[in-house]
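K.L.:
Protein chains in written order, with the numbering used here: chain P, 155 to 457; chain B, 103 to 344.
Since the hints were derived computationally from the structure, they do not count as laboratory data.
All C-beta atoms in this analysis are idealised placements derived from N, C-alpha and C, irrespective of residue type, glycine included.
Treat the hints loosely; a few may be bogus.
Ranges between beta-carbon positions, derived for each pair [to be verified]:
(1) Asp279(B) <-> Ala436(P): 58 to 64 Å
(2) Arg120(B) <-> Met456(P): 53 to 59 Å
(3) Met456(P) <-> Gly218(B): 17 to 23 Å
(4) Thr247(B) <-> Gly356(P): 23 to 29 Å
(5) Ala334(P) <-> Gly122(B): 44 to 50 Å
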Amino acid sequence: MSGRRRLARWGALGPAELIPQARLSGPMPWVIAIMIALTVIAAAAGLALRNAAHTAKAELSGGITVQIVEPAAESRARQAEAAARRLAALPGVSGVRIVPPEELDRLVSPWLGPEASDADAVPVPALIDARVGGAVTPARLAELRRGLRDVAPSARVDAQSSWLAPVFGAIGSLQWLAVALIALLGVATSAAVLLAARTALGSNRETIEIVHLLGGTDAQIARIFQRSIGLDAAVGGATGLALGAAAILLLARQLAGLGAGLATGGSLGWLDWLVLALVPVAGVGVAMLTARLTVIRALRKML
Amino acid sequence: MTQGGAGEIVQFDNVGLRYGTDREVLTDVSFTLFPGSFYFLTGASGAGKTSLLKLLYLAQRPSRGMIRLFGTDAITLPRDRLPAFRRRLGVVFQDFRLVSHLSAFDNVALPLRVAGMPQKELEKPVSDMLDWVGLADRMHSRPATLSGGEQQRVAIARAVIGRPDLLVADEPTGNVDPDMALKLLRLFEALNRLGTTVVVATHDVHLLRKVPESLIMRLDKGKLADPTGALRYPPRREAPPT
Numbered sequence: 155m156s157g158r159r160r161l162a163r164w165g166a167l168g169p170a171e172l173i174p175q176a177r178l179s180g181p182m183p184w185v186i187a188i189m190i191a192l193t194v195i196a197a198a199a200g201l202a203l204r205n206a207a208h209t210a211k212a213e214l215s216g217g218i219t220v221q222i223v224e225p226a227a228e229s230r231a232r233q234a235e236a237a238a239r240r241l242a243a244l245p246g247v248s249g250v251r252i253v254p255p256e257e258l259d260r261l262v263s264p265w266l267g268p269e270a271s272d273a274d275a276v277p278v279p280a281l282i283d284a285r286v287g288g289a290v291t292p293a294r295l296a297e298l299r300r301g302l303r304d305v306a307p308s309a310r311v312d313a314q315s316s317w318l319a320p321v322f323g324a325i326g327s328l329q330w331l332a333v334a335l336i337a338l339l340g341v342a343t344s345a346a347v348l349l350a351a352r353t354a355l356g357s358n359r360e361t362i363e364i365v366h367l368l369g370g371t372d373a374q375i376a377r378i379f380q381r382s383i384g385l386d387a388a389v390g391g392a393t394g395l396a397l398g399a400a401a402i403l404l405l406a407r408q409l410a411g412l413g414a415g416l417a418t419g420g421s422l423g424w425l426d427w428l429v430l431a432l433v434p435v436a437g438v439g440v441a442m443l444t445a446r447l448t449v450i451r452a453l454r455k456m457l
Numbered sequence: 103m104t105q106g107g108a109g110e111i112v113q114f115d116n117v118g119l120r121y122g123t124d125r126e127v128l129t130d131v132s133f134t135l136f137p138g139s140f141y142f143l144t145g146a147s148g149a150g151k152t153s154l155l156k157l158l159y160l161a162q163r164p165s166r167g168m169i170r171l172f173g174t175d176a177i178t179l180p181r182d183r184l185p186a187f188r189r190r191l192g193v194v195f196q197d198f199r200l201v202s203h204l205s206a207f208d209n210v211a212l213p214l215r216v217a218g219m220p221q222k223e224l225e226k227p228v229s230d231m232l233d234w235v236g237l238a239d240r241m242h243s244r245p246a247t248l249s250g251g252e253q254q255r256v257a258i259a260r261a262v263i264g265r266p267d268l269l270v271a272d273e274p275t276g277n278v279d280p281d282m283a284l285k286l287l288r289l290f291e292a293l294n295r296l297g298t299t300v301v302v303a304t305h306d307v308h309l310l311r312k313v314p315e316s317l318i319m320r321l322d323k324g325k326l327a328d329p330t331g332a333l334r335y336p337p338r339r340e341a342p343p344t
């Protein structure tokens, strides 16, 4: 054989042969499994929050509420009727509905008690639900208020989405928190792989020196470690995905039992599950890249 | 000034080596090796034989002086070009340096696999080589289960399997019986006849007489004895046909 033979890839000598593998008996796959499981859960939480916000926004967009805040019951009812008629006549306004008093009583009774149905004891404003075409901007609201002023002077017009603005703000913050958690877990995974690669380099130093002296290149040696850690990451990633998915499904079942609008609106679609399935793939990629860079950097210190 | 230029396979010129801040273990070592030559490197323990071999097989850079290997300055050789040079070398380490979790077969096959030879192509030469060194029945054994002599033969088989241009052997017959020592020496000679330059470090004076056409390099306290200058300025030799 000529020594001038091109620098080629390893032949049949796989990484498992040159570097003894610990596989599941070692800590690396389990560390990666935990990291991936936590990342999957954080990503699922972020996606569910996004879905919940989208669902709520879709339900509330275009919705307005008109309150007739009038202590006199007769005047309140008259103004409500007039406002409903005026709203229905306005262009772009649809679905005008006076919320029945029984429904109002049911809504406020948890706070005010059964006496809430006594109109004289606690004057509850009359409510009108309506939908307007397009976005409910402050200008549009002002226009609606002007339109109602002469028939219902006690009317207060609000966009329904404004009630949930603080909730949407909190959801946005939680989504950023999920992104930050995912980034931190990515960094932690890289750090774990870096330590594992350094340990493997240390314990296989003798073999590496021999392969170097036989003409092995840095890239060949790095590829062996890269594959080895890639396999560990794949095993850990699959386990982590399974653990994470099980936790998500369990939580989803419990939230479904609540029957609350926001909770059910935050269910995951198939695209979301696809994104979650890509988490271990990304984990394997990060692990292999970290291993390669760590090993190449360490090898460059050797002759 | 050093003679030479084209043709020499190794050229050392006033090479010095020290580890850390200790005294020099090699001092002003100068010699030239031409293709197809056979050298014995002798000297007492601690004379610097292993250090000189380390410089030859590119495991160490000198502290000073000039080394040319295969016509290229080995001192300033970039790291990424070292593997291509190392693949032209065969090395028998004094401590064998076999990969402990690989079988004898896989250890011998290692240089071929590093060079990218497919499994199918390497099976026969590796088996033949192990057969030749008398280890056909131990090819699946791991080094820990082999005797010192058997490990040494695996190390030699690994060093010569790639038909190197330069074979460097550090006490290659130290752990084998006289018959096997002679057999291994014949292997080195056969390679030498095919054009491989051979450098064998040994204590065994009997071995020196077995290869009459060999040249002796004697190290004494890190200095190469060369009273006639024949090592530094050797007569040119025609490389044998390969």
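K.L.:
Hint by hint, say whether it matches the structure.
P.N.:
Checked hints:
no.	hint	in the structure
1	Asp279(B) <-> Ala436(P): 58 to 64 Å	holds (59 Å)
2	Arg120(B) <-> Met456(P): 53 to 59 Å	violated (20 Å)
3	Met456(P) <-> Gly218(B): 17 to 23 Å	holds (22 Å)
4	Thr247(B) <-> Gly356(P): 23 to 29 Å	holds (26 Å)
5	Ala334(P) <-> Gly122(B): 44 to 50 Å	holds (48 Å)
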